[in-house]
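From these two lone chains plus the hints, build me the complex, please.
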Amino acid sequence: MLESPLARAVAIALCLCALIGLFVWFGALEPAPDHHRYAGGDEVVADADRYVGQPVELSGHVVATDPVRIEVDSDYESTELVVRDAPAVEDGQYLSVYGTLTDAETVEAEGTVARESWEFTYMYAVSAIAALWVLARAVRQWRFDPTRGIVPRDEPLTLDGASSGGETDG
Amino acid sequence: MAEMLTHVLAAYACATALSWRYEWVTPQYVTVAMAGAMIPDFNRIDLFVPAAALWGLLGVPFNWGAFHTLGASLLVVSIGALTVPARHRRKVFAMLMLGMLSHHALDQFLVTASGHSYAVLWPLTQYHPPTPGVYLSTDRWPAIVAVFLAASCWAIDRRYFGARARPER
Numbered sequence: 005m006l007e008s009p010l011a012r013a014v015a016i017a018l019c020l021c022a023l024i025g026l027f028v029w030f031g032a033l034e035p036a037p038d039h040h041r042y043a044g045g046d047e048v049v050a051d052a053d054r055y056v057g058q059p060v061e062l063s064g065h066v067v068a069t070d071p072v073r074i075e076v077d078s079d080y081e082s083t084e085l086v087v088r089d090a091p092a093v094e095d096g097q098y099l100s101v102y103g104t105l106t107d108a109e110t111v112e113a114e115g116t117v118a119r120e121s122w123e124f125t126y127m128y129a130v131s132a133i134a135a136l137w138v139l140a141r142a143v144r145q146w147r148f149d150p151t152r153g154i155v156p157r158d159e160p161l162t163l164d165g166a167s168s169g170g171e172t173d174g
Numbered sequence: 010m011a012e013m014l015t016h017v018l019a020a021y022a023c024a025t026a027l028s029w030r031y032e033w034v035t036p037q038y039v040t041v042a043m044a045g046a047m048i049p050d051f052n053r054i055d056l057f058v059p060a061a062a063l064w065g066l067l068g069v070p071f072n073w074g075a076f077h078t079l080g081a082s083l084l085v086v087s088i089g090a091l092t093v094p095a096r097h098r099r100k101v102f103a104m105l106m107l108g109m110l111s112h113h114a115l116d117q118f119l120v121t122a123s124g125h126s127y128a129v130l131w132p133l134t135q136y137h138p139p140t141p142g143v144y145l146s147t148d149r150w151p152a153i154v155a156v157f158l159a160a161s162c163w164a165i166d167r168r169y170f171g172a173r174a175r176p177e178r
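Residue numbers (the numbering used here), protein chains in the order written: chain A, 5 to 174; chain B, 10 to 178.
Just so you know, these hints were derived from the structure itself, not from any lab.
Note that beta-carbon positions come from the ideal geometry of N, C-alpha and C, so glycine has one too.
Take these hints with a grain of salt, some might be off.
As the list claims (entries may be wrong) - Chain B residues, not near chain A, derived (Cβ > 12 Å throughout):
hint : residue
1    : Arg30
2    : Met106
3    : Phe118
4    : Ser161
5    : Ala164
6    : Arg167
To be verified - Partial list, computed: chain A residues near chain B (C-beta under 10 Å):
hint : residue
7    : Leu23
8    : His40
9    : Ser63
10   : Asp79
11   : Val101
12   : Thr116
13   : Met127
Said to hold, decoys possible - Reference listing, derived: stretches of chain A covered by chain B, where coverage requires no fewer than 3 residues with Cβ under 8 Å from a Cβ of chain B:
hint : segment
14   : 6–20
15   : 133–145
Chain B extracted, bound-state conformation (with noise of 0.2 Å):
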């Protein structure tokens, strides 16, 4: 992954940008954004839960890999969209689609040993698509773009349309 900072961003980014263009994404709604971003990184339990100890308590394989793929990541959405009343739910779904569609696509272009990401398209393909390898993990300066970026929408949405953002603020 890039790390959460970056993808939260990134997710912030895009969210304050549509809010231009769609009323009804509040900064309600952008935050219900950076979640879906951290929707495939939900991987991350195995340290806190070791796929191993299931494994031996179930019988059955496992491995929470699965939630860095396009199938879970979307069942979580889905679980999510469900979690809201109806009025609310094609607007959370949208918004943590676009979170967690903003992971997967800059996660596409992370330098890989061998040069190929990872399933991205599961449980449709186990192909792992090839990465031009643009940027590491653990690299700071995505974070820094990343910063500036939503630092500069932050500005840009303050300054020009402060208005319809007052309710919430």
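Chain A extracted, bound-state conformation (with noise of 0.2 Å):
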């Protein structure tokens, strides 16, 4: 078992190397459709050219409903595609589609779903609680002691502030 802070700093070190090599390497993967990972947003946004006649999983917010057009968005830009077999979906509508894209600005859905934009900013707000929640219960029955990093609380703190530290033996 690591013990002391330095061979704990290291292990936690290499840990975040190897993860910030795994973000690099993810950012590098190319589509693999036999794996069933398709070409997405980014790619068709970045170099729509390159992906016609081969199978994408994309979405974006319905632009226009005849025919359906949807604006997929990359980090810094965007596409509109016309969606060929699209469902009954209205404008500002959000729609996931799995197709093959027959042209540069065309995709012929074979898997759609249709989502309103509300739902999305009700999976938000109900994750932030989720997520406030967890942290007040990590403030309350852990703290951060210096010399021995994250520890567990003798006492759950309070809204009074009266705590009793944590750990004091060993």
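Pasting the structure below:
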């Protein structure tokens, strides 16, 4: 078991390096349709011509309904695609599409999922509440000891700040 | 993802049920499991620190999406376990794993346009397993089911295991 602060710090640093390595590696991955990893919005926005004829899985807000057009965003750019065989959708809804990119501006849909924009607001709001709940529990039940790291509190932290601190043994 | 509340409640329910069998699972360790359930969704950091910005800054590809795979999730669990002293480490590791794995397990049932989920086993493989498509991340009913399950576990815990839970309350 890693006991000393130095050993733990080195281990954490190694894990962080490996983690950053994974973010870079993941960023470099190419679509692999045989593994059901299809080109997505980021790839198509950057270079649609490259993926013509290939299966894609992407999503965007509906900006037109006849024909259905969605606006697909990547971090800094966006592009509009016509969706053939789309379900009945309305402007403002969010449409996820799996299908074939028949040309640089058209996807022929094989599978779709349509959702309202407010549903995402709900999802984010409820997620924020959950995160705050976990944070509150963590702050009440654990504390940071500069010499030992994160340790359980002996007594949960209360609103008036009364706490006997954390572990005092070993 | 299912939204975070469903994941956190599911971890709460699992950990609370485990506490009936394993005395060391106190509310503090239930919290650790709940925190573990949030790990795969750390990819949402992209909303605050866009990967494209880092890509431009560092000059190498970058995608926070790796958080939502087993490889990176496991590294985060390990880092979490390393932040606690050795005497707590195995317990913290176990509960973080419980939470993290429960998150991935639930997410295997999400509805997707392609009928396949995501590269859950990466970096072992890029394979996206098929999903039975039971619910959407934006559905409300999973949270209702999760609240019911969590509340049931809480009630049972209070009613039958209250004495053991007392030291923390």
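Each hint tested on the structure:
The Cβ of Arg30 (chain B) lies farther than 12 Å from every Cβ of chain A, with a closest approach of about 20 Å, so its non-interface assignment holds. For Met106 (chain B), the non-interface assignment is confirmed: its Cβ lies about 15 Å from the closest Cβ of chain A, beyond the 12 Å cut-off. Every beta carbon of chain A lies more than 12 Å from that of Phe118 (chain B), the smallest distance being close to 14 Å; the non-interface claim holds. Here Ser161 (chain B) stays apart from chain A, with its beta-carbon at least about 18 Å from theirs, past the 12 Å limit.
Its beta-carbon lying about 18 Å from the closest one in chain A, Ala164 (chain B) satisfies the requirement of being farther than 12 Å from that chain. No beta-carbon of chain A comes within 12 Å of the beta-carbon of Arg167 (chain B); the shortest separation is about 16 Å. This hint holds: Leu23 (chain A) has a C-beta 5 Å from the nearest C-beta of chain B, less than the 10 Å allowed. Evaluation of the His40 (chain A) hint against chain B yields a held restraint, the C-beta minimum of about 4 Å falling below 10 Å.
Because the smallest distance between the Cβ of Ser63 (chain A) and any Cβ of chain B comes to about 7 Å, under 10 Å, the interface hint for this residue holds. Here the hint on Asp79 (chain A) is kept, as its CB sits about 3 Å from the closest CB of chain B, short of 10 Å. Against a cut-off of 10 Å between C-beta atoms, the interface hint on Val101 (chain A) holds, since the closest Cβ of chain B lies about 6 Å away. The restraint placing Thr116 (chain A) at the interface with chain B holds, with a minimum CB-CB distance near 6 Å, inside the 10 Å limit.
Evaluation of the Met127 (chain A) hint against chain B yields a held restraint, the C-beta minimum of about 4 Å falling below 10 Å. Interface restraint, the segment 6–20 of chain A with chain B: holds (7 residues with C-beta to C-beta distance below 8 Å; minimum three). By the rule of at least three residues with a Cβ nearer than 8 Å to a Cβ of chain B, the coverage given for the segment 133–145 of chain A holds, with 8 such residues.
Figure legend: structure checked against the earlier numbered hints; every hint is met.
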